[in-house]
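Assemble the whole structure, with the sequences as input and the hints as a guide.
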Amino acid sequence: MYYGVLSAERIILNRNLCGSSDIGNWWWEGDKIPSIDLFEDSPANKVNIADLCSGKKVILFAVPGAFTPGCSKTHLPGYVDKAGDLKSSGAAEIVCVSVNDPFVMSAWGKQHNASGKVRMLADPAAAFTKALELGADLPPLGGLRSKRYSMVLEDGVVKSLNVEPDGTGLSCSLADKIKM
Numbered sequence: 001m002y003y004g005v006l007s008a009e010r011i012i013l014n015r016n017l018c019g020s021s022d023i024g025n026w027w028w029e030g031d032k033i034p035s036i037d038l039f040e041d042s043p044a045n046k047v048n049i050a051d052l053c054s055g056k057k058v059i060l061f062a063v064p065g066a067f068t069p070g071c072s073k074t075h076l077p078g079y080v081d082k083a084g085d086l087k088s089s090g091a092a093e094i095v096c097v098s099v100n101d102p103f104v105m106s107a108w109g110k111q112h113n114a115s116g117k118v119r120m121l122a123d124p125a126a127a128f129t130k131a132l133e134l135g136a137d138l139p140p141l142g143g144l145r146s147k148r149y150s151m152v153l154e155d156g157v158v159k160s161l162n163v164e165p166d167g168t169g170l171s172c173s174l175a176d177k178i179k180m
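In the UniProt record's numbering, the protein residues as written are 1 to 180.
None of these hints come from the bench; they were simulated from the model.
Being a predicted model, the structure only gives us computed values, none of them experimental.
One should not assume that every hint holds.
Here are the simulated distance ranges between beta carbons [said to hold, decoys possible]:
#	residue 1	residue 2	range
1	Ala125	Gly84	30 to 36 Å
2	Ala92	Gly30	19 to 25 Å
3	Leu170	Leu144	18 to 24 Å
4	Asp51	Ser72	25 to 31 Å
5	Glu154	Gly84	19 to 25 Å
6	Met180	Ala44	32 to 38 Å
7	Ser88	Pro43	29 to 35 Å
8	Pro77	Ala125	24 to 30 Å
Each residue gets a CB set at the ideal place from its N, CA and C atoms; glycine is no exception.
Next comes the structure, spelled out in structure tokens:
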């Protein structure tokens, strides 16, 4: 698997943390998304995220947890509501990822009428989240979770990455902030 190499130049030139100068060790604009299996609807339905992103433009956003207040009231509904606009602007797929099991992600997507608009992918062991170094230790939510972020990928390459400054807020990772 490719996990990228960090350099001081990349930290200075490619950092996009909602305008913050905070420096982390996660993925950068220009990096290729890692080849990791996520799950859709059930553990039997593996979706390799690198394969999913190959040859097309994909919007991927991650949430700390399905059914949590900010994720359920604002984040996911925003992408479901704007799916048509985002797809007409060039996105072939819109993907939501969370460190949850696939059954939870499926039920959450059904509750928000995401079918055909937003693909609900589970990262149950946080493998994808860890590879991107975008995890957050949130004991009240069950331990290791994903930070809240959004990214635009073209042919599996990160074109933009917006990570919420505190990892959980709702500012730069919202659907209406996506720049195609």
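Now the hints, each set against the structure:
The supplied range of 30 to 36 Å is met by Ala125 and Gly84, whose beta-carbon atoms lie about 33 Å from each other. Range check, Ala92 to Gly30: Cβ separation about 20 Å, and the 19 to 25 Å hint holds. Remark: the range hint 18 to 24 Å for Leu170 to Leu144 is upheld by a beta-carbon distance near 21 Å. Checked against the given bound of 25 to 31 Å, the beta carbons of Asp51 and Ser72, roughly 29 Å apart, stay inside it.
The given range of 19 to 25 Å is respected by Glu154 and Gly84, whose C-beta atoms sit roughly 20 Å from each other. Remark: the range hint 32 to 38 Å for Met180 to Ala44 is upheld by a beta-carbon distance near 33 Å. In this structure the hint that Ser88 and Pro43 lie 29 to 35 Å apart at CB holds, the actual value being about 34 Å. Distance hint check: the CB atoms of Pro77 and Ala125 are about 27 Å apart, consistent with the given range 24 to 30 Å.
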